[in-house]
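Here are the chains, one letter per residue:
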Amino acid sequence: DAGVIQSPRHEVTEMGQEVTLRCKPISGHNSLFWYRQTMMRGLELLIYFNNNVPIDDSGMPEDRFSAKMPNASFSTLKIQPSEPRDSAVYFCASSLVGERDEQYFGPGTRLTVT
Amino acid sequence: DAKTTQPNSMESNEEEPVHLPCNHSTISGTDYIHWYRQLPSQGPEYVIHGLTSNVNNRMASLAIAEDRKSSTLILHRATLRDAAVYYCIFYGGATNKLIFGTGTLLAVQP
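Taken in sequence, the protein lines are chains E and H. Just so you know, the first sequence maps onto residues 1 to 114 in my numbering. Just so you know, the second sequence maps onto residues 1001 to 1110 in my numbering.
In case anyone wonders, no lab produced these hints; they're calculated from the structure. One or more of the hints may lead you astray.
What the hints assert, rightly or not - Partial pick of chain E residues on the chain H-facing surface, computed with a CB cut under 7 angstroms: (1) Gly16; (2) Leu43; (3) Leu45; (4) Phe91; (5) Gly106; (6) Pro107.
What the hints assert, rightly or not - Calculated cross-link-like contacts (lysine-lysine; reagent style DSS-like; alpha-carbon spacing at most 27 angstroms): (7) H/Lys1003 with E/Lys24; (8) E/Lys78 with E/Lys24; (9) H/Lys1069 with H/Lys1097; (10) H/Lys1097 with E/Lys68; (11) H/Lys1069 with H/Lys1003; (12) H/Lys1097 with E/Lys78.
Said to hold, decoys possible - Residues from chain H shown here face chain E by an in silico Cβ test under 8 angstroms; the list is partial: (13) Tyr1091; (14) Lys1097; (15) Leu1098; (16) Phe1100; (17) Thr1102.
Since this is a predicted model, take the numbers as computed values, not measurements. All C-beta atoms, glycine included, are put in the ideal place defined by N, C-alpha and C.
Excised from the complex, chain E in its bound form (with noise of 0.2 angstroms):
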């Protein structure tokens, strides 16, 4: 398998466009988490999924901010608008609840906003 597939793994964008990052989970896997990590916050997880469907969204800082995963093998993030704040670097993670819950994360996504 190739393992959890995130893109691009480099944005840069101006304050104020939509930003959207991608996430190919490993095949099988049911759960689905988006992680960002700063400085100054360490890593923070965002949102997961189960079974295609976001069971706990409390990491999700403001509404800017939302995540989809319309099938099995796919997820989005969006923020809209972004700020310099967001400026991190993004992981998507996914497992197998019920086995083992190790989670397999990506290599993430670099995203700065100027």
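With the hints as your guide, set chain H onto chain E.
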């Protein structure tokens, strides 16, 4: 949220054992103890997990105190590739959320 306490940083010499401690005094009976590590410029990577008994795998060993309020991740022979931030997390049975703390930055000297 679940809270663990780890030293901010540790140093080791190559090919020596490393013991990374973690305190989790508020752990409940159904919480698993998970360890992840994050190498520079990469996403976190699963290392090992356990509930009550000590656990071994190809990467490391996990020693869990009898009262479960602390645990130790053991790397038997540190290599330069083991330099990373190591996170100790306890993982509740009712939710599959991982709550990452600040972790321990392990430096390995040649």
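Hint check results:
| no. | hint | result |
| --- | --- | --- |
| 1 | Gly16 | violated (29 angstroms) |
| 2 | Leu43 | holds (4 angstroms) |
| 3 | Leu45 | holds (6 angstroms) |
| 4 | Phe91 | holds (5 angstroms) |
| 5 | Gly106 | holds (6 angstroms) |
| 6 | Pro107 | holds (6 angstroms) |
| 7 | H/Lys1003 with E/Lys24 | violated (30 angstroms) |
| 8 | E/Lys78 with E/Lys24 | holds (15 angstroms) |
| 9 | H/Lys1069 with H/Lys1097 | holds (20 angstroms) |
| 10 | H/Lys1097 with E/Lys68 | holds (18 angstroms) |
| 11 | H/Lys1069 with H/Lys1003 | holds (11 angstroms) |
| 12 | H/Lys1097 with E/Lys78 | holds (21 angstroms) |
| 13 | Tyr1091 | holds (7 angstroms) |
| 14 | Lys1097 | holds (6 angstroms) |
| 15 | Leu1098 | holds (6 angstroms) |
| 16 | Phe1100 | holds (4 angstroms) |
| 17 | Thr1102 | holds (6 angstroms) |
Hint compliance for this structure: hints 1, 7 are broken, all remaining hints hold.
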